[in-house]
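A.B. asks: What follows is each chain in one-letter form.
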Amino acid sequence: MSKLLSPNAGPASLPRRIMQQGRYETITMLRNGEQLILAIVLPLMALVGLVVTPLLDGLGGSRVDIATPGILALCAMSTAFTGQGIATGFDRRYGVLRFLSTTPLGRGGLIAGKILAVLVVLFLQVVVVGAIAGFLGWQPRPEAWLPGLGLLVLGAAAFTALGLLVAGTVRPEATLAITNLLWILLGALGGIVVPSERLPGLLQGIVHVLPSGALGQALRDTFLMGAVPFPAVLVLLLWTVLAGAAAIRWFKWN
Amino acid sequence: MRSPESPVLTIDGLIKDVGPLATLDGKMLRVVSGLSLVAERGQVTALLGANGAGKTTTLECAQGLQKRTGGSISLLGADPDTAGADLRSRVGVMLQDGGLPPSARPIPLLRHVAGMYKNPMDVDALVERLGISQFSRTSVRRLSGGQKQRLALAAALVGNPEILFLDEPSAGLDPQSRQMVFELIAELRDAGMGIVLTTHLMDDAERLADYVYIIDGGHNVVEGTVAELLRHDHATDSAITDRTLYFDAPGGLDFAGALGPGLQLTETRSGSYSITGAITPNDLAALTAWWAERNIMPASLRLEARSLEDVFLDISGRDLR
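Residue numbers (our numbering), protein chains in the order written: chain A, 163 to 416; chain B, 48 to 368.
Keep in mind the hints are simulated off the structure, nothing from the lab. Predicted model, so just to flag it, every value in this text is computed and none were measured. Do not rely on the hints blindly, as some may be mistaken.
[To be verified] Selected chain A positions facing chain B (Cβ under 10 angstroms, derived; list incomplete):
hint, residue
1, Leu167
2, Ala174
3, Leu176
4, Arg178
5, Arg179
6, Asn194
7, Val258
8, Leu262
9, Pro266
10, Phe413
11, Asn416
Don't be surprised by glycine CBs; every beta carbon is placed ideally from N, CA and C.
The task is simple: from the sequences and hints, build the whole structure.
C.D. replies: Shown next as structure tokens:
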């Protein structure tokens, strides 16, 4: 009888498997230098840039009050879309998704673990960005935090679904290019940090139906005025459902 | 309920189409066409065939990684396409490409996979046993092919599976790692695990397998124990007793008088001889007596039975590689 082998006792419980995968993916994300730059450094640079320049002047609030909700939205896009998309794309290339889906974790547990990791990293981003914005004079309405965090989770869901859709359908090099390019384009022109009023007229109509514009607008309205704009919530829900369904339909595991 | 003797894997008439493929004018390609096999507990079952024969596709259908087009598969009594976590916890899988994240380090990775099971193996003991401790601080990206292979085997084993799938387990292994891996596979087999492996190396199959399925063109063509396959001529459906005796001796010797009937002597190059046929102990005695009378001492002497390679050549009419 082998000393190594002992009787099989079945899988760990589902919550335990998802926690395990979430923890592993979180540590992997936080150890990745490029992901940290995308998740923390670039959003903080954007925050400081918007606070020291007059770009957001005349919009009915202090620069930092208008900038910070958009930066939080940018954080959600960094982690859920670009970071998670690239990681998943390469995991797919190296067969990691296939191997893990043969373990008790399975495909559902793998996705759940990834979503958990996105939420944990997003929470850390909110803490760091919120604290630094606080030093810069950010004064969010206290009652805005609960709906604000809910919107961030919804935004993360929409961007995770989009990230998985890209990662599951094209080569990882293409995922890298597409998600980074969209991060820059949507970050600069997608209504996420710069409110639509300050964008060229052509874009103003479009950004409201983009996940970036909807999330940025929804967080600004919530933290500045304490009102959750339902059209923007609807747009985010629609993106989540459509991208999620497309990802389920077209995601290739190998 | 299963009886302990029930097979770990039964595949019956497996069909798998892939595509549509642009290279086939948008038609489907049938990569597995009616393959059947049975793998038992406490045995190593080998799928032997050339690259592209359909071995990996068959394994992936059995693991639930690919959906089959037709046929039936029973994995530990269940259908792998609808497998839940309970079934997956009893199945260990080592993929051909490893499936390990490049940035991971071996021990945290194994502990992570172990966390998916209620009663996993002792990771330290597993790491020690497979020599992983020598490279435990190196990321997967920087491991050699053989080191990756050993780590992938450990990851497949850590959950104490009842059936273990190994896709090309000896790929990239140096001789020492190969010995280590083969000994462990034999030990797991003796402990009652059912092991299903693919290989295109005859030597792997001869050394490891209790039962061999030779796969060609997407289906199984011949099956049996290694001994059965070696004894049987599949071209003429008759028992084989042929052996070949190779030896080096002074060139140009005339042996004709020393050879029994039906034996074929060839001098492949000056001084290198081979005798082929149903060589008997008496034939060997006559030959060595003939040498003794003339005081001839061969520089080398080697007797070989048929190899699985010859069996494969008989069946498919081509080389395995």
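A.B. asks: A separate judgement is required for each hint: does it hold in the structure or not?
C.D. replies: Here is how each hint holds up against the structure:
1. Against a cut-off of 10 angstroms between C-beta atoms, the interface hint on A/Leu167 holds, since the closest Cβ of chain B lies about 5 angstroms away.
2. About 5 angstroms separates the beta-carbon of A/Ala174 from the nearest beta-carbon of chain B, less than 10 angstroms, and the hint is met.
3. At its closest, the beta carbon of A/Leu176 sits 7 angstroms from a beta carbon of chain B; the interface hint therefore holds under the 10 angstroms criterion.
4. A least Cβ separation of about 7 angstroms between A/Arg178 and chain B falls short of the 10 angstroms threshold, and the interface hint therefore holds.
5. Of the supplied interface hints, the one on A/Arg179 holds, with its beta-carbon coming within about 5 angstroms of a beta-carbon of chain B, less than 10 angstroms.
6. A distance limit of 10 angstroms between C-beta atoms decides the matter here; for A/Asn194 the minimum to chain B is near 7 angstroms, and the interface restraint holds.
7. With a cut of 10 angstroms, the hint placing A/Val258 at the interface with chain B holds, because the nearest CB-to-CB distance is about 5 angstroms.
8. The criterion of a C-beta within 10 angstroms of any C-beta in chain B is met by A/Leu262, whose closest approach is roughly 8 angstroms, and the hint holds.
9. Residue-level restraint check for A/Pro266 holds (minimum Cβ-Cβ distance to chain B is 4 angstroms; threshold 10 angstroms).
10. Evaluation of the A/Phe413 hint against chain B yields a violated restraint, the C-beta minimum of about 14 angstroms exceeding 10 angstroms.
11. With a least beta-carbon distance of about 7 angstroms to chain B, the hint placing A/Asn416 at the interface is held under the 10 angstroms criterion.
The structure fails hint 10 only (numbered hints given earlier).
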